[in-house]
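Asker: Here the protein sequences line up with chains H and E, keeping their order. One point on numbering: in my numbering, the residue at position 259 of the first sequence is 262, and numbering is uninterrupted. One point on numbering: in my numbering, the residue at position 78 of the second sequence is 172, and numbering is uninterrupted.
Each hint should be verified, as a subset may be incorrect.
What follows is a set of in silico ranges between Cβ atoms, one per label pair, in the way DEER data are often shown [unchecked claim]: (1) 201(E) to 123(H): 38 to 48 Å; (2) 106(E) to 129(H): 18 to 28 Å; (3) 232(H) to 166(E): 19 to 29 Å; (4) 166(E) to 129(H): 13 to 23 Å; (5) 289(H) to 202(E): 35 to 45 Å.
Think of the hints as simulated: they come from the structure by calculation, not from any bench. Beta carbons: idealized from backbone N, C-alpha and C, even for Gly.
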Amino acid sequence: MQNVDYDLVIIGGGPAGMTAGLYAARARLNVILIERMSPGGQVLVTDWIENYPGFPEGLSGADLAMKMSEQAQRFGLEIEYDEVQSLDLKTDVKTVRLSGKTITTHAIILATGASPRKLGVPGEDMLIGRGISFCGTCDGPFYKDKIVAAVGGGDTAVQESVFLTKFAKKVILIHRRDELRATRILQERAFENDKIEILWDSIVTSVSGGLMNLDTVNVENVKTGETQKLGVDGCFIWVGIKPNAGFLDDAIKLDDYGFVITDQNMETSVPGVFAAGDGRMTPLRQIATAVGDGSIAAFKAEHYIENVNK
Amino acid sequence: MSDSENILEIDDDSFQAEALSGDKPVFVDFWAPWCGPCRAIGPIVEQLAEAYGDQMKFAKCNVDDSPATPTQYGIRSIPTLMIFKNGEAVEQITGVVSKIRIEESIKKAL
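Bound conformation, chain H alone (with noise of 0.2 Å):
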C-alpha cells in the first residue's frame, strides 16, 4: 500500500460534489473537498427552487447550497478553497495539481459541474456586466420598471424569465423555435404572464450599447428572415450550459460536447476516477439527478479505496 495524502479527493462543491462529501465523510474516508469559489455551484445562482423533494414551499438557490455545506461539515468534510490546475491519472496514486501545492490521492469525483454558455454574437463580450446577463436573482433588480430581452426556450430560461416580472415591465423572451422546450407548469406560467411577450422562431444576431450600457438587440426571424432592432435595458441569456472540463485535457474520456463519460458506478475510462453532476454525460442535469450521482460515486469510490488497501 503506498502513502497518500488523501483516500479521496472530491473536485467541485456543488450538489453532486457535497453530496459525495457527505458520503464519505461518513464513511470516514479520509476526503478532501477542493471548491474554487463558493460551495453550491449554479445552484447558488438559482433563485428559486421548488422541484427539489423535501421543501414544499421552495427555496433559494443560496440556502440550500449553505444547508448542504452544513450537512456535509457537520460530518467533518474538509473544504480547500482553491483551484485544480492538472490532474495527473498515469499512475494508481493520482496527482492534483492545486495553484499552491499538489496533492496525491487513490480515488478522485470530478464534480467539477457546467457554467452557462454565452450567445458568442458580436457584442456580448464587451457587455457582461453592463446589460448582458446569466443570473436573473443577481441582476434582476436592476431592471425595475424597464424593458429587457431574455434569450432561450428550456426550464431556466422560462423559470427565469417569470422571475423577473417582479421587476421589469416587460420581459421578450427569444426563442429559436416554435415551441419552447421546458417543462409544462413553466411554460403555464410564461403564457399566463401578462408582462412576458415570446419572438418565436428567432435568434440573437448581435447586441450593441453605449459606453456603459447595453441598449439593442438584434434579432432575426429563421422561418422569414424578418430583422429587427430591441430597445431594451437588458439582456438575459439562458441558452444552456457547458461542462467545466477544461483542466481534463484528454486524460479522460469526454462525449462529444466535452462532458465525462462515465459507466452506471459514475467510473469514468480511468480507474478510481469517477464523475457526477452536470459534469458528466447525462440525460438529465437536476439537483435531484446530481445528487444522486454523487451519493453513487461515493459509494463506488469506497468500494474502490477497499480494494486498493488490501
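With chain H's structure known, arrange chain E on it following the hints.
Answerer: Frame of chain H; chain E shown alone:
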C-alpha cells in the same frame, strides 16, 4: 454579509472620500442583501482583506442603499468587484469568480 473589521462600509455619500482618495488602492465589493452569489463571495473577500489589508483598503457598497455609485460606473450585475487607484477604476470583475482570479487583480493593482 457578516460584519468585518477589515472591510469598511461605504455609501454614495462617503464614496468619493473613501474610495477615490488616499494613498492606497481601494477594493470595493458592490453587493446587495437579495443577491445569493454576493453572500457567497463575501467570505472570499474577507480572506483577501485579511491578507492584503495592509497594502489595500477594502470596502463594500450596498447597491440598494447607494444606487448612484453603481449607476455612475455602469454596474448592472452583482457581485461586481472594483479596484480604484488614485481615483481611477483600474480593475473590474463581474460575477462569482475564484479567489485566485480576484487575487490576480489585486496583485496587478498593487
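Asker: Next, verify each hint and record whether it holds.
Answerer: For each hint, the structure was consulted:
About 31 Å separates the C-beta atoms of residue 201(E) and residue 123(H), a value inconsistent with the hinted range of 38 to 48 Å. Checked against the given bound of 18 to 28 Å, the beta carbons of residue 106(E) and residue 129(H), roughly 27 Å apart, stay inside it. Distance hint check: the CB atoms of residue 232(H) and residue 166(E) are about 27 Å apart, consistent with the given range 19 to 29 Å. Between residue 166(E) and residue 129(H) the Cβ separation comes to about 19 Å, which falls inside the hinted range of 13 to 23 Å.
Look at residue 289(H) against residue 202(E): about 39 Å separates their beta carbons, and that is inside 35 to 45 Å.
When the structure is compared with the earlier hints, a violation turns up for hint 1 alone.
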